Every structure is written in C-alpha cells, then in structure tokens.
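Number of protein chains: 2
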Amino acid sequence: MHHEEHLHSSDVLKDIVIGMSDGLTVPFALAAGLSGAVDNTGVIIIAGIAEIAAGSIAMGLGGFLAGKTELDHYNSELKREYWEVDNLPDKEQEEVRVFFKSLGLSEDVQNKAMAELTKDKDVWVDFMMKYELNLEKPDPKRARKSAFNIGVSYIVGGLVPLSPYFFVTNPEQGLIISVGITLICLYVFGFFKSRLTGVNAVTGGFKMMLTGALAAGAAFGIAKLIEGK
Amino acid sequence: MHHEEHLHSSDVLKDIVIGMSDGLTVPFALAAGLSGAVDNTGVIIIAGIAEIAAGSIAMGLGGFLAGKTELDHYNSELKREYWEVDNLPDKEQEEVRVFFKSLGLSEDVQNKAMAELTKDKDVWVDFMMKYELNLEKPDPKRARKSAFNIGVSYIVGGLVPLSPYFFVTNPEQGLIISVGITLICLYVFGFFKSRLTGVNAVTGGFKMMLTGALAAGAAFGIAKLIEGK
Numbered sequence: 001m002h003h004e005e006h007l008h009s010s011d012v013l014k015d016i017v018i019g020m021s022d023g024l025t026v027p028f029a030l031a032a033g034l035s036g037a038v039d040n041t042g043v044i045i046i047a048g049i050a051e052i053a054a055g056s057i058a059m060g061l062g063g064f065l066a067g068k069t070e071l072d073h074y075n076s077e078l079k080r081e082y083w084e085v086d087n088l089p090d091k092e093q094e095e096v097r098v099f100f101k102s103l104g105l106s107e108d109v110q111n112k113a114m115a116e117l118t119k120d121k122d123v124w125v126d127f128m129m130k131y132e133l134n135l136e137k138p139d140p141k142r143a144r145k146s147a148f149n150i151g152v153s154y155i156v157g158g159l160v161p162l163s164p165y166f167f168v169t170n171p172e173q174g175l176i177i178s179v180g181i182t183l184i185c186l187y188v189f190g191f192f193k194s195r196l197t198g199v200n201a202v203t204g205g206f207k208m209m210l211t212g213a214l215a216a217g218a219a220f221g222i223a224k225l226i227e228g229k
Numbered sequence: 001m002h003h004e005e006h007l008h009s010s011d012v013l014k015d016i017v018i019g020m021s022d023g024l025t026v027p028f029a030l031a032a033g034l035s036g037a038v039d040n041t042g043v044i045i046i047a048g049i050a051e052i053a054a055g056s057i058a059m060g061l062g063g064f065l066a067g068k069t070e071l072d073h074y075n076s077e078l079k080r081e082y083w084e085v086d087n088l089p090d091k092e093q094e095e096v097r098v099f100f101k102s103l104g105l106s107e108d109v110q111n112k113a114m115a116e117l118t119k120d121k122d123v124w125v126d127f128m129m130k131y132e133l134n135l136e137k138p139d140p141k142r143a144r145k146s147a148f149n150i151g152v153s154y155i156v157g158g159l160v161p162l163s164p165y166f167f168v169t170n171p172e173q174g175l176i177i178s179v180g181i182t183l184i185c186l187y188v189f190g191f192f193k194s195r196l197t198g199v200n201a202v203t204g205g206f207k208m209m210l211t212g213a214l215a216a217g218a219a220f221g222i223a224k225l226i227e228g229k
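One line per chain: the protein sequences are S and G, in this order.
The opening position of the first sequence corresponds to residue 1 in this note's numbering, with each subsequent residue numbered one higher.
The opening position of the second sequence corresponds to residue 1 in this note's numbering, with each subsequent residue numbered one higher.
So here's chain S without its partners, still in its complex pose:
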C-alpha cells in the first residue's frame, strides 16, 4: 500500500518556526553590531534583553491582535454573504456556477451542481466563504495560544546568541562564542524547519545560517562605521 505523505506541519510547530526564526536572527545581529561598537558587555546585555522583550511582545501581541482581526473580518464577510444570498440570489447563484465552470466542468454539471448547492442557505454561504473569498473559519482560541507560542519561541531563540555575553567581559570574546553557537543553532533550526515543509533540509539549514550571518555582518559593519566617525 502506498502511503500519502504530503507533509503538513501542525499549528504549534508553525508558531515555533515563526518566533524562533526572528528570535535567533535579530538579537544575534544586534549583539554582533554592538560588539563592534562598545567596549563592555553590560550595554550589549541590556540592549539584547530589551530587544528580546520588545520583539517577543511585538510578535506575540501582534500575532494575537492579528488573529482577533482575522476573526472580525471573517464574521463581517459572513454577514455580508448572508445578505447577498438573501438580496441578490441570482448574482450569487451565478458565482457558484462560475466556480464550477472554472474547474472545467460541462454546462450540464455546472447547472446541476449549482442547483443542488444553493438549495440550503447555510451550505451555500459556507461554500461562498471558502471558495469565492478563500476564507477559512478561524479558531477563536488559536489567537491566544499562537501569541504565547510565538512569544516564548522568540525569547528562547533570542537567549541563544545573547547568553555568551553573560559569561565574558570582553565584547569581542562574547561575539566569537555567540557567532559559533548561533550559526550552529541556525543551521540545526533551518534543517528541521525544512524537514517539516518537505524541502531539502541541508539547503534549508544553510539558507537559515546565511540569513543570520548576513544580518549580523551588516549590523556589525554599520555599527563600526558609525562608531568610527
């Protein structure tokens, strides 16, 4: 028996990927940038923790509010579809027929399918929401869970590049250790993230590492440049 293996990652894993991608990259690059410009690790630690707090709240709360907005949007479109089905049934019926036409079905089947589908108003509206507007009913509890998962993942990711600075006093020493462990983590993270979506994992690991390295390199270069003035 053939087993169908289209990979679909779960919602929680998606949240972790979203939070950790940025969490590993941005605080890493900020710490690297500051390492090229300041002479003690105290400032790097304060800036790094402030960034992690800011980033996790912005991403988590941002995600939460976006989820709420999505729900509002869905409900307002739902109300509108019910209104349209009640007040402009011919037009909405035609839209159902056009959907079946777009699939390449014969006129006979288009009309039969349209007639059956528009018999029940709830089925009809449900169909319009999904296939005309491409809107899935959002889970009201998802927004809160998602916010939490993304925020925590950002914090966990952000503490990786920052942690070396807690144990050394010289920023450059901290930077060397931070670059080492963060690039390894970015590779491992990119590797497993790619496995989830079913694309080449080795390439995925390198891509993630490259993003982090470029962001950190740019931040370091720019900070050195400003500091040099």
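None of these hints come from the bench; they were simulated from the model.
Any given hint might turn out to be false.
Straight-line Cα separation of at most 20 Å, SDA-like style, residue types lysine to any residue; simulated pairs [as the list claims (entries may be wrong)]:
(1) G/Lys-68 / S/Arg-97
(2) G/Lys-130 / S/Val-98
(3) S/Lys-101 / S/Ala-115
(4) G/Lys-112 / S/Arg-97
(5) S/Lys-130 / G/Lys-68
(6) S/Lys-79 / S/Asn-111
(7) S/Lys-79 / S/Pro-140
(8) S/Lys-68 / S/Ala-115
(9) G/Lys-101 / S/Asn-111
(10) G/Lys-112 / G/Glu-136
(11) S/Lys-101 / G/Lys-68
Every value quoted in this text rests on a predicted model; they were computed, and no experiment measured them.
With chain S held as given, fit chain G onto it using these hints.
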C-alpha cells in the same frame, strides 16, 4: 446596482504592512529600553541602527528565502501529484469525488463531475493542488519584490522612533519625543491597515498603538531593572 466590496489588499500593501508593523514597534521599544539604562544617545543610535539593519535583512532576506522555499515545495508536491495520478488513478479519482461530496452534492453529480474533471490530466492535477492541498502556484518573481518591499518598510518604520535621538543629547528628552511621534504613527498606521482589511479602523489604530506602547514599556522596565542591579 449593488457593488460587491469585499476588500482585498494588494500584495505590495501587505508587504508594507508586514515590514512597517515590526519596524515601528521593535526599534521603538529597543530605544525606549535603552533610554532607561544609558546616559547618552550615542549608544541608542548605534543600537537602533544596528537593529534596523538586522531586522530589515532578517525580515527581507527571510521573506525572500521563504518565498523560494514555497516555490520548491509547490514544485515537489506538483511532481508527486502527477506521479499519483499516473500510478494510483483510482485513489485520486476517489479524492476528487470526496471533494464534491464534501460540498453536499448528490452522488449523481459527484460522479459526473469527477468523471469530467479527471478526463484531462493537467486539469485534474491542477484541481488536486488547489483543493486537496490548498496550494496556489507562487509567482517566482514575488519573492524578490516582496523581500525588497518588506525590508524598505522596516527601515522607514524603524527610523521614525529613532530619529528624535539624532537631535538631542539627553536620552530622556529623546524618549519623550520618540514616544509622542511613534504612538501617533502607530495609530495612523493601524488605522489605515484596518481600513485595508475592512475592519473597524479606530479600534485597529488603538490596537496597534497598544502593541507598541506595551513593547516599549516592557523594554524600558526590564532595562531599568537590570541597570538598577
């Protein structure tokens, strides 16, 4: 004549929203956090610019690579669907029938639609991609444009909260001006963002402002706490 007004924002506007949401929030909160902990604006400017560089690259390049991955994923699933249609036609035909069943159509129409749809292999696979796997063919050029739009929006957004620090020497003075202009910008941005998605714009403006204020407040509080030790 009734005009159908379901609002769909364009891709460019979506990119701007993604980049600017984070650009206005995270550098704002970082600068606020540092204002509570350091005694000159030089460090804040360096950290802020390093963060903007890091964030715009992480978001832009991250978006670009994510777009590429999406394309790879689409192509690998497409190959798999062709393989399945060739090697397991009965199973795949049944999946088409089940789709029409899920719409609530009669067995007669299910079978007719299935028979018509599976006559042409390309139409059939195209259908499976869209309605079994929920995958739309990604535009190969989108990834690059999107990366650029997101990155630039992040920079523009990030320069708003940072700019006051260029003109004052006292961090607390900078913070007061930065809070003022950034909260206004967050409100205006949230207002127009909500208009695009068709939800209440006044509430949307306040939500965006709240996110920024909470992130900045937390960063400020945490930085003060660490500094106090």
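A quick look at each hint next to the structure:
Pair hint G/Lys-68 plus S/Arg-97 does not hold up; C-alpha atoms about 35 Å apart against a cutoff of 20 Å. In summary, the hint linking G/Lys-130 to S/Val-98 is supported, as the alpha carbons are separated by about 16 Å, within the 20 Å threshold. Only pairs whose Cα atoms come within 20 Å are accepted, and S/Lys-101 paired with S/Ala-115 is accepted, the gap being roughly 14 Å. Taking the CA atoms of G/Lys-112 and S/Arg-97, the gap is about 15 Å. The hint holds against a cut of 20 Å.
This hinted pair does not check out: S/Lys-130 and G/Lys-68 have alpha carbons roughly 27 Å apart, beyond 20 Å. Note on S/Lys-79 and S/Asn-111: the hinted pairing is violated, with a Cα-Cα distance of about 26 Å set against a maximum of 20 Å. At roughly 17 Å between alpha-carbon atoms, S/Lys-79 and S/Pro-140 fall within 20 Å of each other, so this suggested pair holds. Our distance criterion of 20 Å between C-alpha atoms is broken by S/Lys-68 and S/Ala-115, whose separation comes to about 35 Å.
Annotation: proposed proximity of G/Lys-101 to S/Asn-111 holds, straight-line Cα distance about 16 Å (limit 20 Å). At most 20 Å may separate the alpha-carbon atoms for a hinted pair to count; G/Lys-112 and G/Glu-136 exceed this at roughly 25 Å. A C-alpha spacing of about 32 Å is found between S/Lys-101 and G/Lys-68, which places the hinted pair above 20 Å, so the restraint is violated.
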